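J.: So you can see what is in the structure, the chains are spelled out below.
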Amino acid sequence: MIKNIVILGAGTAGTMMSNHLRRALSEDWNITIIDQRTEHHYQPGYLFVPFGVYEPEDIVKPIEKFIPDGVNLVLGAIERIYPDKDKVVMASGKEFDYDILIVATGTDIAPEETEGMMGPHWHKDVFDFYTLEGATALAKKFKDWEGGKLVINIVEMPIKCPVAPLEFAFLADAFFEQKGMRDKVEIAFATPMSGAFTKPKATEKLDYLLKEKNIEIIPDFNVMSIDGEAKTITDYAGKEVSYDVLVTVPTNKGSDLMERSGIGDELNYIPTDRATLQSKVKENIFAIGDATNIPASKAGSVAHFEGEVLLENILRYISGKELKEGFDGHANCFIETGHGKALLIDFNYTHEPVSGTFPFPGVGPLNLLKESRMNHMGKMAFKWIYWNMLITGRHLPFVTTKMQEAGKNFD
Amino acid sequence: MEKTIGNTTVNMGDDGYLVDLNEWNQEVATEIAQEEGITLTDEHWKVLEYLQNQHKKDVPLTIRNVGKSGVVDIKGFYALFPEGPLKKASRIAGIPKPVSCI
Ligand SMILES: Cc1cc2nc3c(=O)[nH]c(=O)nc-3n(C[C@H](O)[C@H](O)[C@H](O)COP(=O)(O)OP(=O)(O)OC[C@H]3O[C@@H](n4cnc5c(N)ncnc54)[C@H](O)[C@@H]3O)c2cc1C
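Just so you know, the protein sequences line up as chains A and B, in that order.
Just so we're aligned, residue 574 is where the first sequence starts under my numbering, counting upward by one.
Just so we're aligned, residue 235 is where the second sequence starts under my numbering, counting upward by one.
Read the hints as simulated data drawn from the structure, not as lab findings.
Quick caveat: nothing in here was measured; it's all calculated off a predicted structure.
Every residue gets a Cβ at the ideal spot worked out from N, C-alpha and C, and that includes glycine.
Be a bit skeptical, because a hint or two may be false.
[As the list claims (entries may be wrong)] Here are the computed distance ranges between Cβ atoms for each label pair:
| # | chain 1 | residue 1 | chain 2 | residue 2 | range |
| --- | --- | --- | --- | --- | --- |
| 1 | A | P693 | B | W279 | 40 to 48 Å |
| 2 | B | W279 | A | A810 | 21 to 29 Å |
| 3 | B | K309 | A | P656 | 33 to 41 Å |
| 4 | B | V253 | A | P656 | 35 to 43 Å |
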C-alpha cells in the first residue's frame with residue numbers, strides 16, 4: 574500500500590529532508606512538501622545586504638529548483654494540523670492525509686509584539702535585517718546616511734542565528750570606517766542578555782571585540798516600547814536610549830499554524846524531544862530546524878546536523894525500531910567581525926564554544942574563537958555550500974554530526 | 235557553601251542561588267530579598283509561588299511566560315523585582331539561576 578510523508582515548509586530544513594527522504598525511501602512512499610512561498614532565500618545572506626556586499630538576486634532562488642524529482646511540491650498556506658486525524662488542511666481547503674508528518678515551518682520576526690515598533694517609521698528609521706525587505710530598505714538608508722547614532726537591539730531571546738546582531742554591529746563598524754565616516758557614527762548594542770552572547774566563554778571574547786571597535790554595549794536591556802517620533806526605545810526598567818537609526822531584531826515566533834492547531838508553546842514552537850527530534854504532540858509527528866522548541870541554536874548548520882539524525886529516526890520509526898537519541902545540540906557558526914575577518918564557534922548542549930582548531934584537531938585550518946581571514950573565507954564559502962550541498966542533503970566535507978572534542982581546549 | 239539564615243542552615247552555590255529548594259522557607263526568602271534590597275509583599279509572594287510551581291513542573295522560565303502567567307504582567311514584574319526580575323525573583327524563590335537561552 575502507498576504511504577504518505579508530508580513535510581510542512583520548504584526552507585532550509587524541509588528542502589533538505591525532501592532530498593534525504595527521496596533518496597532513502599522506496600516508491601511505496603509518497604513525499605509531499607508544502608510551502609506558501611515560491612522563493613527560497615539564503616537567509617544568512619541578509620546580513621550582508623545592508624552593506625552592499627550581496628544584492629537580493631544573489632540570495633534568492635526558486636523553491637522548486639531544490640526539490641528533487643519524485644517529490645510533490647504544493648504551493649500555498651497551511652491552515653491547520655489535525656494530529657488526531659493525521660491530516661493537514663490548507664487555507665485553500667485542500668487536505669492531505671499523512672502517515673508521517675515533518676514540521677519545518679521555521680521562525681519569523683513578529684514586530685507587532687513590541688509597542689510602537691510598527692508605524693510610519695518602520696523601514697524608514699527603524700529597521701530589521703531578518704527579512705529581505707528590511708535588509709534592502711536598510712541598504713538604501715545607509716547609502717547616503719550622513720551619520721548619527723546607530724542602535725542595534727535584540728528585543729528578546731531566543732532568536733534565530735543569535736550571533737547575527739553582533740556580526741551586524743561589527744560589519745557596521747567596518748563599513749563606516751571604510752566610508753571614512755566612522756567618527757560621525759556612534760554605535761550602541763542594546764541586548765536583553767548580560768553580555769554580548771549567550772555562552773560565557775565566547776561572551777568574554779566578544780565583549781572585548783566590541784570594546785576594541787568602540788561599540789557601546791548596553792546589557793540587560795529589555796525593550797518595552799519604541800517611540801518612533803521621539804526616536805527613543807524604553808525598557809521595562811525605565812531606561813531610555815535614543816537613536817537616529819534603530820536596527821532591531823524583533824521577537825521571533827514560530828508559525829501561527831501551531832497556535833491554530835493548538836500544539837505550540839507561547840512562542841509557537843512545537844514541543845520536541847531534544848535528542849530524537851520526535852515531537853511531543855504525537856509519535857508520527859517529527860520536527861526540525863527553527864520550528865522546534867529544543868534548546869539548541871536556531872541556525873542552518875544546526876538544521877543540517879539534525880537532518881542526519883532525523884533521517885535515521887524516520888527510517889527506524891518506519892521499521893518499528895526504537896528511536897536513536899542522536900542529536901547533541903551541535904552548532905557551528907562563523908561570526909563575521911569585519912575587515913575580511915571572522916571567528917568560528919562550535920558548541921553543543923553540554924559544551925560551550927571554546928578555542929582550538931577546526932575541523933582537524935591541532936591543524937585547522939580554521940581557528941575557533943579567534944579572528945582570522947581563513948574563517949572569513951569559510952563564511953563566504955558557506956553560500957556555495959548552502960545552495961549546492963546543505964539543502965540538497967549532502968554530507969558536508971570533514972564535519973561530523975556529533976561535535977568532536979579533539980583539538981579543543983576545554984577547561 | 236553553608237550559610238545560616240535565621241534558624242535555618244542552607245547550602246548556597248557559588249552563584250548565590252540555593253542548591254536545594256527543600257531548604258527554602260519564608261524566613262530564608264525574606265533574608266535573601268533583603269540582600270537584594272526588596273521587602274516582600276503579598277504581590278511578591280504570589281510571584282514566588284508561581285515560579286516555584288513552574289520550576290517543579292520543569293517549565294523553563296522566561297520573562298515572557300511570567301508576563302503571560304496572569305499572576306503579574308512584565309511591567310509589574312519589573313516593579314516588584316527591579317533590574318533583573320527573573321534573576322532576582324528566582325534567587326529569592328530558592329530555584330536555580332535562570333539559564334540564559336541559546
Ligand atoms: C540574518 C540571518 C543570518 C543568518 N546567518 C546564519 C549563518 O551564518 N549560519 C547558519 O547556519 N544559519 C544562519 N541563519 C539561520 C538560518 O537561515 C535558519 O536557521 C534556517 O534557514 C532555518 O531553516 P528552517 O527550514 O527551519 O526554516 P526556514 O528556512 O525559514 O523555512 C521555513 C519555511 O516554512 C514556510 N512556512 C512557514 N509557515 C508556513 C505556513 N503556515 N504555510 C506554508 N508555509 C509555511 C516558510 O515560507 C519557509 O519557506 C541566519 C538567519 C538570518 C535571518
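J.: Of the numbered hints stated earlier in the document, which are not met by this structure?
T.: The structure conflicts with no hint, since it agrees with every one listed earlier.
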